[in-house]
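S.K.: Add chain Y to chain B, keeping to what the hints say.
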Amino acid sequence: MNAGSALKPLRSLLPVLVILALIALVPLFSPSNRFLSLAISAGINVIALYGLSVLFGQTGILSMGHAALVGVSAYAAAILARDFGVGFWVALPVAAVASAIFAMIVGVPSLRVGGHHFVIMTFAFGQLLAIVLTNGGDYTGAATGLDIAGPVTLFGADVTELTRYYLMVVAFVTVAAVASWAIIHSSYGRTLRAIRENEKLAASLGINVGRHKIGAFVVSGVFAGVSGVLLAYFLGHISPSQFSSFPSIYLALMVMIGGARLIEGPLAGGILVAFLPEVLNLDPVQSRIVYGICLIAVIMLLPDGLIGGIVRALRGLFAGKAKQEAERDAAPSEARR
Amino acid sequence: MDIFIQQILNGLSIASVITLIAIGVTLIFGLTGIINFAHGEFLMIGGIVTWLAVSAGLGFPIAVMLSILAVGLMGYVLERGLFRFTLERPTNGFIVSLGLIVVLQHVVVLFWNPNQKSIPRPLTTVWEIAGVRIASVRVMVILITIAVVALSFRMITASRYGRALRASVEDRDTAALMGIPVRRYITGVFVLGSALAGLGGALLIALFPITPFTGGTMVMKGFAVALIGGLGNIYGAVAAGLILGIVEGFSAGYGFSQWTDAYSFVLMILVLIVRPHGLFGGTSGPRMAS
Numbered sequence: 001m002n003a004g005s006a007l008k009p010l011r012s013l014l015p016v017l018v019i020l021a022l023i024a025l026v027p028l029f030s031p032s033n034r035f036l037s038l039a040i041s042a043g044i045n046v047i048a049l050y051g052l053s054v055l056f057g058q059t060g061i062l063s064m065g066h067a068a069l070v071g072v073s074a075y076a077a078a079i080l081a082r083d084f085g086v087g088f089w090v091a092l093p094v095a096a097v098a099s100a101i102f103a104m105i106v107g108v109p110s111l112r113v114g115g116h117h118f119v120i121m122t123f124a125f126g127q128l129l130a131i132v133l134t135n136g137g138d139y140t141g142a143a144t145g146l147d148i149a150g151p152v153t154l155f156g157a158d159v160t161e162l163t164r165y166y167l168m169v170v171a172f173v174t175v176a177a178v179a180s181w182a183i184i185h186s187s188y189g190r191t192l193r194a195i196r197e198n199e200k201l202a203a204s205l206g207i208n209v210g211r212h213k214i215g216a217f218v219v220s221g222v223f224a225g226v227s228g229v230l231l232a233y234f235l236g237h238i239s240p241s242q243f244s245s246f247p248s249i250y251l252a253l254m255v256m257i258g259g260a261r262l263i264e265g266p267l268a269g270g271i272l273v274a275f276l277p278e279v280l281n282l283d284p285v286q287s288r289i290v291y292g293i294c295l296i297a298v299i300m301l302l303p304d305g306l307i308g309g310i311v312r313a314l315r316g317l318f319a320g321k322a323k324q325e326a327e328r329d330a331a332p333s334e335a336r337r
Numbered sequence: 001m002d003i004f005i006q007q008i009l010n011g012l013s014i015a016s017v018i019t020l021i022a023i024g025v026t027l028i029f030g031l032t033g034i035i036n037f038a039h040g041e042f043l044m045i046g047g048i049v050t051w052l053a054v055s056a057g058l059g060f061p062i063a064v065m066l067s068i069l070a071v072g073l074m075g076y077v078l079e080r081g082l083f084r085f086t087l088e089r090p091t092n093g094f095i096v097s098l099g100l101i102v103v104l105q106h107v108v109v110l111f112w113n114p115n116q117k118s119i120p121r122p123l124t125t126v127w128e129i130a131g132v133r134i135a136s137v138r139v140m141v142i143l144i145t146i147a148v149v150a151l152s153f154r155m156i157t158a159s160r161y162g163r164a165l166r167a168s169v170e171d172r173d174t175a176a177l178m179g180i181p182v183r184r185y186i187t188g189v190f191v192l193g194s195a196l197a198g199l200g201g202a203l204l205i206a207l208f209p210i211t212p213f214t215g216g217t218m219v220m221k222g223f224a225v226a227l228i229g230g231l232g233n234i235y236g237a238v239a240a241g242l243i244l245g246i247v248e249g250f251s252a253g254y255g256f257s258q259w260t261d262a263y264s265f266v267l268m269i270l271v272l273i274v275r276p277h278g279l280f281g282g283t284s285g286p287r288m289a290s
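Read top to bottom, the protein sequences are chains B and Y.
Going by the numbering used here, the first sequence opens with residue 1, and the numbers climb by one from there.
Going by the numbering used here, the second sequence opens with residue 1, and the numbers climb by one from there.
Excised from the complex, chain Y in its bound form:
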């Protein structure tokens, strides 16, 4: 039983990071139709920024802030400089993101070598409750994610900006006709998605060491989650993130750890075959793209 709870906790902490990527992925796709594979690299850069900041003697909370800011800024620059020009042809946006993967990974390798990077755990306390060992750092990751996801939800469902955003995801042209500055929302979503990836990277390096190539597998999991939940559907992404995290946690705990990475892909392929729009239904991208 204690292993069971521990595995759920481990799974949830991984799920948190994946969910943070998946929200960015799903929002960007919903609004622009761009499959941004480079999102995992945004996460990796977030981890690297955190590592640099902590190595420079800054505290973890400040490092997290810096990472969110830096990656958010990067998202802004990349949207303004590159993705803005691919809005008419989302496939080109996807190809640009492939180029970015290669560039970002190797720029990091060039400056900070390809080895694993880790920071000392920001919280070292391990609670022991009825024989269950609970690492506080994992609880912290889960709580931060819950808070951020809840905040994003609130923003998207309750504020008028969120309503305008949802309208733009639903139908970009009509939304523009209603006076919603869709282009500005696209930039905003890139920045928000990148900032979430920055946070995800900071949380990830608090849990595990990362390498410049961590982004590749993480973005696939993020996409798996976004697709399982239905692209463009944030609720779906969160729910699917939970499912995947728990599945991965269990498989690691019960002796199939070498197959852990395969689950997200198998799950995604199965879901797409049975329900091409994901378990919870999604959009098939902006209509004007067709």
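Bound-form chain B, shown alone:
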């Protein structure tokens, strides 16, 4: 192992860190409140997307109930604040653990069923959660949902104000990106990729496939949990429809538009989907049609997502050694099975 190969993983993190640093400078240009709100919701999504990219990009399993994991922690945070007077920083780890536990509860039976059915199982659990929350009476606030009050403070300073909340979300996105990068470049990430590429072969090498798949789902649950708490405190009000299956479809859509395998993918997907309607000046209905068409186009034409496609095109320009790299890093088949 020479110095060059040890530095290589770091090099892949660098572009994301630079982009995030630039994003953190945005408040200097005194953006409108609307821009900041959009950016905050995009950032909150991106955190969940980084978890989803570990699950889908690395392990090759797709969750269609990811918004439910976000919802569990959002509701956990709201109920903790209401019943126990617990603030943001205590709620954050507790709710993240709640999401992870929910992921395990969903994951164990779903992954036992395996293959094609996993997607449907997670979708069904997502729908079930929305139904349970809607029928939960006063405890979950039924269809109207729950309010969550209370300022978020950091080192004694109130960060509820939009610009500060924005910076905090950017910080969380950075942590999520670094965490997902660390997972990708750890031996754990390699194990997950082995499962993605050939489950039977991985099992024959002594990898406990089932446990690692559930593990990956639980890890993605932690990301979703963090994003849920941030979401609950940002919106101040949560309701079941925000976490049913269709928000889950949008999450999957974002991660696939961006590309699930590369570290830039979730960031690009989240930002693109949030700002596309603004840029093209579309109303919500039109923008959703555009998302759907984008998703279909990306899957048909660029199976590695937009960023994967761009990276591959760039690398295609430098032939030779770079080409091998491109083939290794962005394996052309998004899903073999």
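Bear in mind the hints are in silico, worked out from the structure with no lab data behind them.
All of these numbers come straight from a predicted model, not from anything done at the bench.
There's no promise every hint is true.
To be verified - Sample of chain Y residues at the chain B side, in silico, Cβ under 8 Å: (1) 92; (2) 94; (3) 96; (4) 100; (5) 101; (6) 103; (7) 106; (8) 107; (9) 110; (10) 227; (11) 258; (12) 261; (13) 268; (14) 272; (15) 276.
Just so it is clear, CB atoms sit at the ideal spot from N, CA and C, and this is done for glycine as well.
M.R.: Chain Y only, in chain B's frame:
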């Protein structure tokens, strides 16, 4: 007792629509391995076409025909234009179907707003037999479904096309080696499945008002039924459709109506945990996909 019979009837009429989706879902999955979530949107489009036709002054039977034709044609176009390219990677087909859900729903919202749409009941007679009120429209839905399902069965079990179809579901490669034009059968199944969804949509709007978002819950129920019955297994889909319809009918009649939508999911999750291949056994998708 009269409530009991009425609930069975209500349940069966809902089960009919669900079964019509489930047959399409199960056939498409059996042959291509594609989990087509957009199938519920096909149903919704069928309902919208019926609504448009009836609003334009056409009779209900003609509207049903138009809906079957339109949605069948849509299935053809989508298979030729999109799903054909995802046969090697069924997961991509599934993702494409997610994109289609979003597109189809919002195209309908764009043109015809997101509000509920309903048509006047095509049959208004309500028979009263020994205190039981039987709406003829429900009976009509059940009878049409029985006829169509019986016809599909006959086609699949007795004709040589059906035999070729079953062979393709069993093993696509071997079937192709035996000279069966599998690709053409895949197109055919998409068209048949879509046409059934079109019929289902037309029948659904005869029973209840629909919105552009009706497809989402209906397709989940269709999938629940297809999975409970065993994916790729048409008999299983019909049997599971009956079970679910009756369970839903009872729960609506005996005061747990707010949980009605949850039953299909709970039932499906339980069945999959206990019997991953469904109650009646199914295929795990085409072999060449692995």
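S.K.: Now look at each hint and say whether the structure bears it out.
M.R.: Verification of the supplied hints:
1. 92: 5 Å, holds
2. 94: Constraint on residue 94 of chain Y satisfied, holds at 7 Å.
3. 96: Cβ of residue 96 of chain Y sits 5 Å from chain B, so the hint holds.
4. 100: 7 Å, holds
5. 101: Holds: closest Cβ of chain B sits about 7 Å from residue 101 of chain Y, inside 8 Å.
6. 103: 4 Å, holds
7. 106: 4 Å, holds
8. 107: 6 Å, holds
9. 110: 5 Å, holds
10. 227: 7 Å, holds
11. 258: 5 Å, holds
12. 261: 6 Å, holds
13. 268: 6 Å, holds
14. 272: With a minimum Cβ separation of about 5 Å from chain B (threshold 8 Å), the hint on residue 272 of chain Y holds.
15. 276: 5 Å, holds
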